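**Student:** All chains, full assembly: derive it from the sequences and hints.
Take a look at the letters that make up each chain.
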Amino acid sequence: MELFGQNAEFKLDVLREIGNIGAGNAATALSKLLDKRVNMQVPSVSVLPFEEIADRVGGAETVVVAVYVRVVGDAPGNMFFIMSLEQANRLLNVLLGMEDIKGPGYSDMELSTLCEIGNILGGSYLTSLADLTGMRLTPTVPSVAVDMAGAILGYGLLQFGTMGDDALLIDTVFFEGDRQAEGHFIFIPDPDAFPQLFRSLGVPME
Amino acid sequence: MNEVTVLKVGMADMKVAASGESLRTTGLGSCVGLVLYDEKRRIAGMAHIMLPSSSIARENRINPAKYADTAVPGLVELMKRAGADPGRLVAKMAGGAQMFHFAGEDVMRIGPRNVESVKEALEKLGIRLIAEDTGGNYGRTVEFDSRTGVLHIRSVQHGVKEI
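As they're listed, the protein sequences go chains A and B. Everything in the first sequence is counted per our numbering, starting at 1 for the first residue and increasing by one. Everything in the second sequence is counted per our numbering, starting at 1 for the first residue and increasing by one.
FYI, nobody ran anything at the bench for these hints, they're computed from the structure. The structure displayed is predicted, hence computed values, not measured ones. Any given hint could be a false lead.
What the hints assert, rightly or not - Using C-beta positions, here's what the derived DEER-type ranges look like:
(1) B:LYS161 x A:GLY59: 18 to 24 Å
(2) B:ARG147 x A:GLY5: 49 to 55 Å
(3) B:LYS40 x A:SER46: 43 to 49 Å
Where is the CB? At the ideal position from N, CA and C, for every residue including glycine.
**Tutor:** Have a look at this one:
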């Protein structure tokens with residue numbers, strides 16, 4: 001798939017920086033929520049066949065907790081905040097002051113807490129991006145699902161689906177303390193969003 | 001002797017099982033897993049369909065397995081080549097869920113649209129849909145046994161189901 005034309009490597013670097021700033025801000029927000037240190041890895045930006053995308057979070061059948069936000073505005077796209085069950089359980093126990101919350105069977109209260117976390121994190125990701133680029137980027141109301149990773153991420157690939165059989169994603173892994181439980185911020189800009197995204201940062205499209 | 005070979009059908013992919021293998025596709029959300037079956041010859045085909053119509057395609061070379069309107073005739077053709085009788089095919093399908101819900105925004109009603117579109121394409125070719133497990137808001141993994149004609153459906157919340 002021809003997404004970038006010339007200077008593809010440089011453009012991938014730019015996207016990596018976008019992930020770095022967005023996810024960095026979101027990780028800071030998460031750290032404040034938890035009152036704990038949250039670390040993150042250097043974002044990975046890759047164009048992957050649809051089939052391999054769920055492998056990034058453990059495989060198509062791995063059960064994950066995901067908050068999905070559709071991004072609307074100048075550079076529309078799909079954003080996922082994905083956690084392992086273990087990570088989600090820990091997050092809920094800390095935030096709700098409990099000890100025995102265990103998914104995947106979450107109560108409505110727990111689901112709406114997860115949704116709100118996703119809202120805060122997605123919001124901080126996008127705000128930092130909007131500040132950096134001067135673009136108008138708005139998250140829609142978030143929605144949460146506890147399900148197979150393939151079924152969840154498949155939802156974020158539809159816009160790329162009309163263009164080919166692979167998609168570009170900006171994936172940032174974060175983890176808390178001992179690395180036992182990790183999570184992902186995954187931003188999948190729509191294919192049409194790239195020209196605007198690069199233009200806003202002064203990167204020529206050709 | 002009883003080892004069954006399982007052919008993996010990827011996203012936007014289709015395959016045919018003609019000598020006792022099973023066909024499997026994982027993590028269907030809004031996508032539809034369609035199975036066509038010639039019971040007499042025990043030939044089965046499976047497609048992992050992602051989008052309702054190839055009219056929205058912007059790619060140079062269309063991948064027929066990806067769109068409902070092209071996947072159905074495409075799969076029939078593959079099965080014909082494997083020795084199936086197109087006049088005898090019946091269909092089963094699963095998937096087409098709505099993974100996330102949003103107030104107002106309906107553009108993403110892609111799961112139900114995929115299901116409708118597959119049904120139209122089947123009807124066009126006179127293929128009878130004999131069983132389906134579609135809709136809902138959850139993901140599914142499906143496996144079709146070409147020897148028995150049974151479609152096994154697994155989901156996180158609802159366990160295992162056979163149609």
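**Student:** Compare the structure with each hint and give your call.
**Tutor:** Here's how the hints hold up against the structure:
1. B:LYS161 x A:GLY59: 18 to 24 Å: 22 Å, holds
2. B:ARG147 x A:GLY5: 49 to 55 Å: 51 Å, holds
3. B:LYS40 x A:SER46: 43 to 49 Å: 46 Å, holds
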